[in-house]
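With the hints as extra help, turn the sequences into a complete structure.
Quick note, the sequence shown lines up with residues 1 to 357 if you use the numbering used here.
It should be emphasised that the hints constitute simulated quantities derived from the structure, not laboratory data. Treat the hints with care, since some could be wrong.
[Said to hold, decoys possible] Quick list of simulated restraints, FRET-style, between CB atoms:
| # | residue 1 | residue 2 | range |
| --- | --- | --- | --- |
| 1 | I338 | N51 | 20 to 30 Å |
| 2 | Q81 | D127 | 21 to 31 Å |
| 3 | I156 | R344 | 50 to 60 Å |
| 4 | R160 | Q205 | 15 to 25 Å |
[Stated by the list, open to error] Below, in silico cross-link-like pairs of lysine-lysine (DSSO-like), each with a Cα-Cα straight-line distance of 27 Å or less:
| # | residue 1 | residue 2 |
| --- | --- | --- |
| 5 | K120 | K107 |
| 6 | K340 | K243 |
| 7 | K107 | K75 |
All figures in this text were calculated on a predicted structure; none of them were measured in a lab. Using N, Cα and C, we set each Cβ at its ideal position, and we do this for glycine too.
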Amino acid sequence: MGPTLNATQVAAAGATDVQGSLTTDPLANGAVPVIPAYQLQFMAFFTALANWLLPVLDHIDFARGWLEGLVFGPKSAPVRQGTAIDAVVLTGASTGIGYDAALTLAKRGIVVFAGVRSQKDLDRLSDLGVSTLIPIQLDVASPQSIRNAVAEVSSILEARDGTVQLVGVVNNAGIPHSSTMDTTTRDAIERVFDVNVFGALEVTQAFLPLIRQHGRGGRVVVIGSVAGIATVPLNGVYSASKKAVEGLFEGLRLEIASEGIHVSIIRPGSIGTPLWNKFTDDTSAKGRKFAELAKTIGHASGIAPSHVTRSILHALTSTYPLHYYAVGLDARAIFALISKVPSRLYDLVLRSAMLKD
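If you want it as structure tokens, here you go:
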């Protein structure tokens, strides 16, 4: 069968851009989950295929959305690139998807107020020397930090004397969590919801008045997850937070569409980001095993954040943005199959793959 690698070894080997599935018994006998080397090789091939296919599939979706927009409307004013006039607030910009998106948008001439929590990250983004990238301190779990960020952005816009307008918000900040539902604490659930749910909604609510000021409409983008559609064992809290995001922002889309403000939900599958290193606080044996398994899969199967950035860019700059974006072959497969697979079969597959004792 060949050698096996645990999560630490996978990460050390730099296997961050492979995609596939784990077929070994990850939680049996208290062992650290492992992935055979031949499976990693298959994942590498699968990811190479995904990296080639995803831009093609995404642009097919974009074209479909454009045609649907022509038929059903409404047309919405896009965020303009290359002008340094239109600005967006983007949360969670220190690493991963947020960092990639902030830099990409800024280099395309969109002013990006890049929200980060620490002074170290503020300095690091400032040192990049990109004039359209403006780092701001923003902890989405802190109402006071959100108010301070709104005041800072307002001050910068006023200093630009109307030459820069805030036209969008990208809610990217989020935290993962893994635990068994029979041991999960209220504090743990609240911590996840404070960031993933309340943080996203409160940031949007706080910046909407600035978006409305210029009367052009605008864009709201939120990073959901495939977990908002399909739950896996020991991932119930995170999945619940993303399901809540779906409901809240679907409601927001319907309520503010008449103002010309469009809301898009982006649903990534497995993405190769440092988020996997923060996966769990669960100290139970099962929780620790699943966390190690999740980190192994995350480090080994995550596609590049740039695939998510492509969808963020389209959601901001297209005249007919999509309501939903599925990012990754795994996400696409799950969305295509979840409504067609009997729920008992779905449960059986997950139990067999992850919860054998």
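Each hint, compared with the structure:
A C-beta distance of roughly 24 Å is found between I338 and N51, which places it inside the suggested range of 20 to 30 Å. Separated by about 24 Å at the C-beta atoms, Q81 and D127 satisfy the suggested range of 21 to 31 Å. A hinted range of 50 to 60 Å holds for the C-beta pair I156 and R344, which are about 55 Å apart. Between R160 and Q205, the C-beta spacing of about 24 Å keeps the proposed range 15 to 25 Å intact.
Taken as a hint, the K120 and K107 pair is honoured in the structure, with Cα atoms around 22 Å apart against an allowance of 27 Å. Between K340 and K243 the alpha-carbon distance is near 19 Å, which keeps this suggested pair within the 27 Å criterion. A threshold of 27 Å between alpha carbons decides the hint, and for K107 with K75 the separation of about 26 Å falls inside it, so the pair holds.
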